Amino acid sequence: MAAELEYTWDYIAPYTSVSVYIHGYTWQEAVAYSAVVYPLQGEAYTPWGAISMTQTDSYLHVDGTIARVINVQNLAPFNPCTVNINMLFDSY
16 MAAELEYTWD YIAPYTSVSV YIHGYTWQEA VAYSAVVYPL QGEAYTPWGA
66 ISMTQTDSYL HVDGTIARVI NVQNLAPFNP CTVNINMLFD SY
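Residue numbers in the sequence shown follow this note's numbering, run continuously in steps of one, and reach 107 at the last position.
Mixed in with the good hints, there may be bad ones.
Quick list of the computed label-pair ranges, beta carbon to beta carbon [to be verified]:
#1 L90 to Y36: 18 to 26 Å
#2 A82 to P29: 26 to 34 Å
#3 G79 to S34: 21 to 29 Å
#4 T61 to T23: 18 to 26 Å
#5 T31 to Y107: 35 to 43 Å
#6 A18 to Y60: 27 to 35 Å
#7 G57 to L90: 13 to 21 Å
#8 T69 to A45: 12 to 20 Å
#9 Y36 to S67: 12 to 20 Å
#10 T61 to D105: 30 to 38 Å
Note that these hints are calculated values from the structure, not bench results. Since the model is a prediction, treat every value here as computed from it, not as a measurement. For glycine and all other residues, C-beta sits at the position ideal for the given N, C-alpha and C.
Full structure from sequences and hints, please.
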């Protein structure tokens with residue numbers, strides 16, 4: 016089992032949703048995602064970092080690889096944030 020940084024958003028505005036299409040997985044990989052939220056420096060309102068993360072769709076490409084769509088919504092009403100998506104995977 017291994018973990019690695021998969022994707023980073025440097026800026027997500029308050030109450031904004033963003034998505035990323037991550038591809039290149041095989042059928043032999045089990046994948047789980049986690050998020051790390053960082054408030055931008057100088058923000059004074061709470062909550063400093065609050066997000067909602069969901070995986071919405073999975074696609075099978077013609078070459079046999081799997082793709083997934085990850086959505087992140089910034090739930091902080093006044094503060095923008097930075098989000099790192101980490102991937103934990105295991106091959107079986």
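Going through the hints against the structure:
1. L90 to Y36: 18 to 26 Å: holds, 22 Å
2. A82 to P29: 26 to 34 Å: Holds, since A82 and P29 (Cβ atoms, about 29 Å apart) stay within the stated range.
3. G79 to S34: 21 to 29 Å: holds, 24 Å
4. T61 to T23: 18 to 26 Å: holds, 23 Å
5. T31 to Y107: 35 to 43 Å: At roughly 37 Å between Cβ atoms, Y107 and T31 fall inside 35 to 43 Å, so the hint holds.
6. A18 to Y60: 27 to 35 Å: holds, 31 Å
7. G57 to L90: 13 to 21 Å: Once the Cβ atoms are compared, 20 Å apart, the range 13 to 21 Å for L90 and G57 holds.
8. T69 to A45: 12 to 20 Å: holds, 18 Å
9. Y36 to S67: 12 to 20 Å: holds, 18 Å
10. T61 to D105: 30 to 38 Å: holds, 37 Å
Of the numbered hints given earlier, the model fails none.
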